[in-house]
Structures are given as C-alpha cells and as structure tokens.
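Chains as they are written, first to last, in my numbering: chain A, 1 to 597; chain B, 1001 to 1132.
Hints are computed from structural coordinates only; laboratory data are not their basis.
Just so you know, these numbers come straight off a predicted model, no measurement behind them.
Cβ coordinates follow ideal geometry from the N, Cα and C atoms, glycine included.
Treat the hints with care, as some may be off.
[As the list claims (entries may be wrong)] Here are the computed distance ranges between Cβ atoms for each label pair:
no., chain 1, residue 1, chain 2, residue 2, range
1, B, ASN1098, A, GLY315, 50 to 56 angstroms
2, B, GLY1115, A, GLU587, 46 to 52 angstroms
3, A, GLU53, B, GLU1092, 32 to 38 angstroms
4, A, LYS85, B, THR1087, 27 to 33 angstroms
[Claimed, not checked] Okay, the calculated bits of chain A under chain B, using three or more residues with CB under 8 angstroms as the criterion:
no., segment
5, 6-16
6, 362-368
7, 403-409
8, 482-496
Now for the letters of each chain:
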Amino acid sequence: MAKYSMHILVCGGTGCRAAQGLAITESLKKEIDENNLNDTVQVIETGCFGFCEKGPIVKIMPDNTFYVQVKPEDTKEIIAEHVIKGRKVERLLFVDPDKKEKVSDSKHMGFYRKQLRIALRNCGFIDPENIEEYIGREGYEALGRCLTEMKPQDVIKIIKDSGLRGRGGGGFPTGLKWEIASKNHADQKYVVCNADEGDPGAFMDRSILEGDPHSILEAMTICGYATAATKGLVYIRAEYPLAIKRLQVAIKQARESGLLGKDILGSGFDFDVELRFGAGAFVCGEETALIHSMEGERGEPTVKPPFPAESGYWGKPTNVNNVETFANIPVILIKGATWFRSIGTEKSPGTKVFALAGKINNVGLIEVPMGITLREVIFEIGGGIKDGKKFKAVQTGGPSGGCLTTKHLDTPIEFDTLIAAGSMMGSGGMIVVDEDDCMVSVAKFYLEFTVEESCGKCAPCRIGNKRLHEVLTKICNGNGTREDLELLDNMSRVIKDTALCGLGQTSPNPVLSTLDNFYDEYLEHVDDKKCRAGVCKSLMQYVIQPDNCVGCTACARVCPVGAITGERKGIHFIDQSLCIKCGACIEKCKFNAIFIQ
Amino acid sequence: MAKVKSLADLRKMKEDLQSKVHLREKGDNYENLVQVKVGMGTSGIASGAKEVFNFFVDELEKRSIEGVVTQTGDMGYNFAEPTIEVTIPGKEPIVFGNVDMKKADQIIESYIKNGELVEGILPENYDKIDNK
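With the rest of the complex left out, here is chain B:
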C-alpha cells in the first residue's frame, strides 16, 4: 500500500478513489457493473449473511452477470437480517431485507436481470450528513 505523505497526497487519493472507489481491480467499466453490498456486522453474519455473500459471488459468475459483491457493516435494519443493497447501473441503490438463498435467487433473476422489484424492500429511512 502506498504511503500517504501529506494532506495534498490524501486529497489526491480521495479524488481518485471517489471516481472509481474500490472497483479498480475490475477494470474501468465499474459503472456498468451491478453492485451488491452485503451487511456483515455480527447480527448479519449470525443470520446467514456469509452464505448470502458467497451465493452472490458464485451465482453472478455462473449466470454471467458482470457484478461486484462487497461486504459492509451493520445497516441498522436488524429486524430484517440479512440485509443487502443492490445497485443496478444508472439506478438508485435498493436495500432488500430478510435475504435468504431463495430471496437472493429471486433478486438475481427478477431484479438484476429484468429490473422487476421483489418483496422485501426497505426504503432508506434516514438522512445523510451530505445533505445537511
């Protein structure tokens, strides 16, 4: 990992990262990739988030969908674990709750492939600091 030597360095790094966040290893077409984030805090993992994570990694590959699956922390919707966030290029991210293998399969087939929503959507119910 490259050393960050000064504030200017840090800012440059931030700019670079903001334009392509963590997906560089996937090449430059990350904007055309489906992104799946799996909430993997303790409560997510306890409810099976790891299996869901692996399912997405394997199945996107198998079904030839260009996508990237990442882990993230607790999304706060602990009543509906495991929770995942799916971003289809050009669309707003959507959070799905209570995602088991069956639901994950539905999400891939209906939403990711055809843009058809499936039950279990959790609307964003909080405000972010960027807006305040």
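In isolation and in its complexed conformation, chain A is listed as follows:
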C-alpha cells in the first residue's frame, strides 16, 4: 500500500479546466511515473480554488506551495525541482500585488480569495446545537463586553460608525434604527428578528439560523441592551423546521447558561427571546405586516409613520432587524467599526451573503465584500454558467428586484449601484438566467408570485398586479400587441407610485427591468409571435420534416393526445390544433424528423 508523503492538488474548476488543467494533471502523473515516485506522490484534481484569474492553479501539500498560471510544460520542472530536490519553482509562485513579493506559503495569501465570511463565520464550522463550541469561538464575548464595559449609547455609536446597513434588502442604517428605538421611552420595548425569508431562491437566513443560532441570540441581546428592550422575538416561518429546532435548542442552552434570562453575566440586565411562527406569507417580511402577524392579526402592512421604532409590537417601540444584519453585530463589536469599514465600499461597508441559484455551476452560499462585481461572482466564485451556455441575466432582489444583464457585469455590487441599475440588493437571492430562458416568462413568473402573495389591502397591488400578470400571459400566449407593452410600462409605474407597502411598490420591478433590458424579446413576442428561447409554448410548433420521416410510427404511438397521424412507412403529420407541445415525440424520434418552429 502506498504511503504518500506529498500531494499535488490540481484545480479542476471550470476556469482552470478550460486552461489545460487536465493536461497538467496528465503530465504530472507521467512525470511522477517516469521518476518512480508513484508510491510517494499523489496527484489529485480538486474543486475550484476560487482564484480563476490566476489559473491554472497547482497546490503542493504539505508545504502549501501555491503555483499559479501553470502550463503543462512546467510540470517537468515542478517534479524535478520541487518534488525531488525540494526547491520551490520561484517563477511560478504568486506575487503579492501590494508588497511585490513572491508568496511561497499559501497560508499567508488569504487576500486572493474573493470571499470573506463574517456573517457565515461559524456556519459549517461549529456544531450549532452546542453552545460551548460557540463560546469557544469568541461567542458571547461581544455581549459580555457590552454589558460590563460599555454604555448603551457606546454600543449604538460603534454600530453607527461601522456603517452597517440592513441586510434584509432596504439597506437602512442599522445604528440609526437602534438610536431611534433607544430614544423612544416606554415601559416595555421589543427587539424583533425578521427571519421571514421568502424570496424564491434565497436561503441565507435559514443557513445562518441552522448553522449559528447563538450569534443571532447574542446580537438580539446586545440590541436589547442598546435600546433598553428586555424582550426579543424571532419571527420565523414554520417552513423552516430545522432552523426552528436549532433556535429552540440554542435558546434553552443560553437560558441554562445564564446568557439569556435575568441578570445576564451579573450585569443586572434582563433579556429573553421567544419564537413566533409565521405561515410563510411573503408580505410578512414587511415589518409592519410582520408585527401584525405576531399580534395574531392578519399579516397586512400599515402606513409608516408611525415606524415600529415608535409604535410597534403592541404599540410599543420595537426594533426590527433581519437575521444577517444581526449576525454581523457581534463581530463588529469585537473587531471595531474601523475594521468593518475597511471591508466593502464606502457607502456599503462589510460583506453580503448571496444564495447563488439557477443556471450556475456552483450553486450555493457565498459571502463577498460589497463592491465586488457581478462578473467575479458569477464567473469566478460561481464557476460560470451550466453546460457552457451563454449568460443572459441575473435576477437579484427576488420578486421585488430586477435583472442585471451583460452590460452590468462590471458594476460593483452595493446597495445604491444596484438600485441605479434598476434592480436592488434584496435579501440576497441571485438567480442566474441563461440563453434558454425567456425574459417575458421570467417576469411572468415573478408576477405570479406577487399576485399570490399580495395581501389584498390596497387596490394598486391587488388589482394592478393581477392585470399586469394578465397582460404578460396574453403576450406569452401570442396575443400581445404593441399597445400591451405600453400598457405594461404605464401600469407598472402607477403601481410603483401608489401601492401601500414595499411589496406593492416593488412588485412591478421585474416587468420594468425586463422591458428596459430585453425590449427586443418583448417585441419578438408581440410582432413576430416568436419566443427565441423556446419557452412560451403557444408560440412554438412541433413540425415533422417530410424528408427525414421514415414512417416508423414511434411518434404517433407516444403522443398522449393522438395528434400525430400517418400510415406505417408513410410520412406523418402533427395536427397543431390537438398538439399540447409536450415534446414526447421529439424525444422518441430517432431520425431527427421532428423540429420546433
């Protein structure tokens, strides 16, 4: 049995593979073989290192040497020099862009990585059901410092100075929110954690609650201390059973350890947290609707002002923050506002967690400093588009956001630039769309969602969105006209201006932004009755090409509605009035005789 003393890792990410990663692996194996090193050195291909711009990457363990831009012809030297003689191949080492020095140990080159985990610092690291693991990683240290060494106004000042903005989507300065809540006096105040994550494709908050529930409890307690609130509530949707269970375990453990409850850490400050379950209504992510839902009322928004900071839960001052916002708090208090400001951009400091979904290779959770470009997120961290297809757009901000296209690929991602580009940060879902998706259908999909989720209180949202959806359906069915496009645009703007709450005001965004960026696709739908992506079924026809049809009858037998007729060994025909466009025939045909028109 081989006992390897050295491992050579070759990056097998999409970028490096495209740049001859495979040839490098082969060549390394050949060299090892020729030098009789088979029993001591192992070559293995790995996932993406996330450093595609300097690829292909080769890493040697155990000494952590990191070679960049390696070519197949370099492998001879790597084996001869590094593996056999133990001398690093200097010319292939990465050069630190700031210090202009070569970096030989990759442990000291964390800066190359695009991702920085602040909110996700413990996620996938600690056992979420064990408070000791959290404490072992500086957990509750920030709370301890606040309670024993700081006044509430000092805590607020640090959060204000850090420039942290609400990660739920709005981007309101968190410190300011806390300050307003702290200035409103009442016999009872509340801290609420908004865990009603509802955007399609978003699962950041769920992952934080499942992976690091104590960080949220700690941050809520700190917020309670800063705003003089003694009760905390987590509003979480019942569809997140695992997150609920882990939160319950965490609350129990924190109470037993005296980190929740009366006289926390001997400071005389009392704070406790309870859970409130939501039924998964999208509108309840809006803070006034959320509060009504917690009170047992219908989840309907009310006009602001009064803001919850003045009159919230049971009419008392209430501070509502999102899960990810809270997850940042303990780190900011330990590391300081200046440290936090050094990350991200001036107007949007810190990082943002995104849930990458859709037609992208590396679906998953990422946390990146604000200001990173969409190109870096999609093509480097995300590993590019699935099956080598062409990138078309990315939908950010869910049903309230818009799409960003190729022309936005180099726009830095932060709150204000995204709004300027016609989308929004939202809570952090990013759905990647490729050339096989029809933008009119994408807009229709989101409208379907908003129509379903509208609470029905105000007319613009209740009726307007329904009408928008009808017009989009008409276009997708091939009955649209140019006037409909104007109507879409007009109606969207009216809804935006007149709806009561955030849901209604932002619901036409997917329509407006697709109209802006993909007007040609809309025109094709209404003028040419054509859907270039082949998604809108009413606009396509399955047709048999007589030259290729041999009359095998396979298609006629598989057709579920009997739309295909024809004699054995004769040319077949599809009756368009019966065809339901299921595509079964095209799959069955061995002679490429059926095509989509």
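Since the structure of chain A is already known, use the hints to place chain B on it.
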C-alpha cells in the same frame, strides 16, 4: 450546564474550550482523534447527510478508528452536498463534496487510514475573519 456569571467567567470558559473544544467526553487525547464534520443544514440533510453521518459513526467504530463525528451547519457548497470536513491529526482539514456511502467508505479506507486523497476535494475558497 454551569451558569456563566460574569465576563471573566465567560473568558475562562472560552480559554478552556479553545484548548479542548467539544471533545472532552472523548478524554484528553482528542488531538490524536480523526475529526469528521458533516454539513447538516437543510440542503445537506435533503441530500442524505444524516445517512452519511450515521455511516461515519458506525464505521469508525467498526473499523477501530479513534475518531469523533459531529454535525455542523451549511458549508456553502450546496452544489456538492453532502459535504464533510475531515481532519486527520497534524494535518490541515480537508473538505470533500458529493459524499455518498461509497465515497464515505473510500474516505475512510484511503484517506483516514492511509493518507491517500480521494476525488471530490473542495478547496477552501474564502477568507476568515481571523485573518483580517
């Protein structure tokens, strides 16, 4: 569970824990144990992380490997669930993706027993706050 009564208490606890984290029940030789962390967020569990977790618990025992298996949250590599992190004493932790029973068996036989890497390694592609 002992009450944490003051900040000093908390800090002392942290020091104690950092030197031996969660493995105290295993005795004091945790440094010589193989550690396996299984990412068990919703997406991990949906892809079979619970079965993988149980497999490691049972098989390490059966194959007389001194080790400890713990659950953790979502590691973020949702395209390669279930994901696990294996730490062999004295070596850097390594994350493996797409771990099914077959891969888990390979990991035990090749990597844990012989230090031989198996396909499916996910390099750490993010930076941690400790370094910043």
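task = Hint says 27 to 33 angstroms; check whether the CB-CB distance for LYS85/A and THR1087/B agrees.
result = holds, 31 angstroms
key: Outcome, coverage of the segment 403-409 of chain A by chain B - at least 3 residues whose beta-carbon is closer than 8 angstroms to one in that chain   = That given contact is violated, which follows from only 0 residues of the segment 403-409 of chain A lying within Cβ reach (below 8 angstroms) of chain B.
Whether the CB-CB distance between ASN1098/B and GLY315/A falls inside 50 to 56 angstroms = Holds, since ASN1098/B and GLY315/A (Cβ atoms, about 52 angstroms apart) stay within the stated range.
task = Closer than 8 angstroms, Cβ to Cβ, for at least three residues: run that test on the segment 482-496 of chain A against chain B and report holds or violated.
result = violated (count 0)
ask   = Given as covered by chain B, does the segment 6-16 of chain A meet the bar of three residues or more with CB within less than 8 angstroms?
value = Since 3 is at least three, the answer is holds.
request  = State whether the coverage of the segment 362-368 of chain A by chain B holds or is violated, taking the criterion as 3 or more residues with Cβ-Cβ distances under 8 angstroms.
outcome  = holds (count 6)
Satisfaction of the hinted span 46 to 52 angstroms by the C-beta atoms belonging to GLY1115/B and GLU587/A = holds, 47 angstroms
key: Range hint 32 to 38 angstroms (beta carbons of GLU53/A and GLU1092/B) holds or violated   = violated, 24 angstroms
Of the numbered hints listed earlier, those contradicted by the structure are 3, 7 and 8.
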